[in-house]
Structures are given as C-alpha cells and as structure tokens.
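Q: Using the sequences and the accompanying hints, generate a full structural model.
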Amino acid sequence: MILHDGYGFREDSIELNAAGPAFRFGFSFFETLLWNGSAPCRLGAHLRRIHASLDAFGLRHETSDLGPVIAQVAARNGLIGRTARVNIIYHVDVAPDAALDASSDASDARPLHPVVLIAPYAVPSPDRALALGICPRPLHSWLGAHKSANHLPYWLAGREAAAQGLDGAVLTTPDGHVLEASNAALILREHERDGGRYVAPAAPGEGAGRAGILPSTALAAAREVLPIESRPVCVEELSRFEAIYSLNSLIGMLPVTAIGEAHFAADPTPCAMVRSRVHAVDGE
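In terms of this note's numbering, the sequence shown opens at residue 2 and continues consecutively.
Hints are computed from structural coordinates only; laboratory data are not their basis.
From a predicted model like this one, the values you see are computed outputs, not experimental measurements.
Every residue gets a Cβ at the ideal spot worked out from N, C-alpha and C, and that includes glycine.
Misleading hints may appear alongside valid ones.
Distance ranges between label pairs, derived from CB positions [unchecked claim]:
no. : residue 1 : residue 2 : range
1   : 164       : 84        : 21 to 29 Å
2   : 124       : 268       : 18 to 26 Å
3   : 25        : 208       : 26 to 34 Å
4   : 196       : 269       : 17 to 25 Å
5   : 231       : 194       : 15 to 23 Å
6   : 137       : 213       : 15 to 23 Å
7   : 193       : 58        : 41 to 49 Å
8   : 10        : 225       : 30 to 38 Å
A: As structure tokens, this is what we get:
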C-alpha cells in the first residue's frame, strides 16, 4: 500500500515518535470516507469535522485541500475507477519533552500534517439488511463526540458482534439510552400511527457530563432529504419503532431488521435517496 504521510509518499508504514502521545495514548484523530473511483465523497464535511476536533484540543494543523493528494494516493494504488475506503489521520507526534510533560501545551508543536491511506472497498447493495446486537458494556464518554484513535470500545463492540454473526452493536449509556452503532449512526422511524417521524438518538442530559455522540456526516447528508428530529431514546423504546436504519460514509444507509431481540421492517425505500447524498462529491 502506498500512502501519503503529510510530506510525501511512502510504502506501507510511517514513523512514530515512541515518546509521543500518538504512540503512547492513541492521541490521534481520523476520518473515514468513500472514494467513488474518481473523487472523494463529501470531503469538505469530513475535513470540517476533523479540523473542529483538532481545534477543540488546541492543536495547530495543516489545512490544505486534500482532494489532489487523495487522488494521487488512489492512482498510485491502482484504484482509479474502483471504489475504496479513504482514511485521513492526524496523529499528535510532538517532541519527547512536550509529550512527557503533562503541563506542556501541545499547540506549541509544529502544525500537524494528515496521513492519507486508501484500500479497496466494495459498497454493499442498498437493500442489504443488517442485524445488530446490543453491547453488554455501557459507554459514557465525552470523547465520543470526536473520532479519535481512542476508538477501542467501538472496535471491540463491533468485533464481538461480528463473532456472533452480526453486523455491529448498538452502544448505550449506563442508564440505558441509545447512542449509536459501533461503526455507524442510527435513524429510527416511527409507525404511522405514532406520527411516522424519523428520529436520531441524542444523548440525555446537558453540559460537560453528557455522553458524546459523533456528529455523523452521513446523518447530516440524510437530513438534506429526510426530516429527522433528535431526541433521547431508551433501549426499551426500540421495539416501538417500525423501521431502523444504519448509516455511515461507506455504506450510505441500510435497513436494520434486528437489534438484539427486537425486529423491524426491512424497508429500503429511503436508502437509495440517502445514499445519493452520503456519496455525493462536493459541489454536487
């Protein structure tokens, strides 16, 4: 695999400072998006999200247009005309003294440069139905609002679900509120008798103690074509919904037919419309 490390092209690997926080603590931020064979999808939205996270942590970063870099990485990996998964990673690899000194300001380090990786990815059919489990370990972390490399709880939940033949797991708070899936946002659709509304789960509570939910770029794209409200949803409420959908930047939006013991209608009707927005190229 040929990648771009922020300075030039490399093959297979990058160097990390062993004393730096990226290596020691996973202090990095990343984005995952689709390469449609000729261009990255919704690149601007992904860059705005990752730059907002870097800004929130006081990290200076390079902000040049990554479109040409992604295109070059795709070309060097033989992925022109083929769909692929793109990862953009900003890792915090400050000088050893700054990394080891908790009182030091990471913003004093040189600006962060993004690493760009790409790998082949086959986009699933828009009518493919998913089955999810419920992660047995509740999650309550403000870091959930950022796509950081401290992603182990999500990755483990997904791996454990896959071992059970499932497509992912729903993450919940200690008091039983739905957050998101291990690798996707969720949209719930009410029965017509209840109003037929589309609902995105929101974390309960207010302020700094509130559980974090990643601000999904796919969910934002879905809102361009569907009226979606946000509110807290308890696990016990799930069975009251008619249909549920899982969405991220790679799959677009797919119907979910089961979460744990609850089952839902497999209605792919809105999926193609939402996918067309999730997989849009900037300017379309």
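Q: Indicate, hint by hint, whether the structure satisfies it.
A: Now for the hints, and whether the structure bears them out:
{"no.": "1", "hint": "164 with 84: 21 to 29 Å", "result": "27 Å, holds"}
{"no.": "2", "hint": "124 with 268: 18 to 26 Å", "result": "20 Å, holds"}
{"no.": "3", "hint": "25 with 208: 26 to 34 Å", "result": "30 Å, holds"}
{"no.": "4", "hint": "196 with 269: 17 to 25 Å", "result": "21 Å, holds"}
{"no.": "5", "hint": "231 with 194: 15 to 23 Å", "result": "22 Å, holds"}
{"no.": "6", "hint": "137 with 213: 15 to 23 Å", "result": "20 Å, holds"}
{"no.": "7", "hint": "193 with 58: 41 to 49 Å", "result": "44 Å, holds"}
{"no.": "8", "hint": "10 with 225: 30 to 38 Å", "result": "35 Å, holds"}
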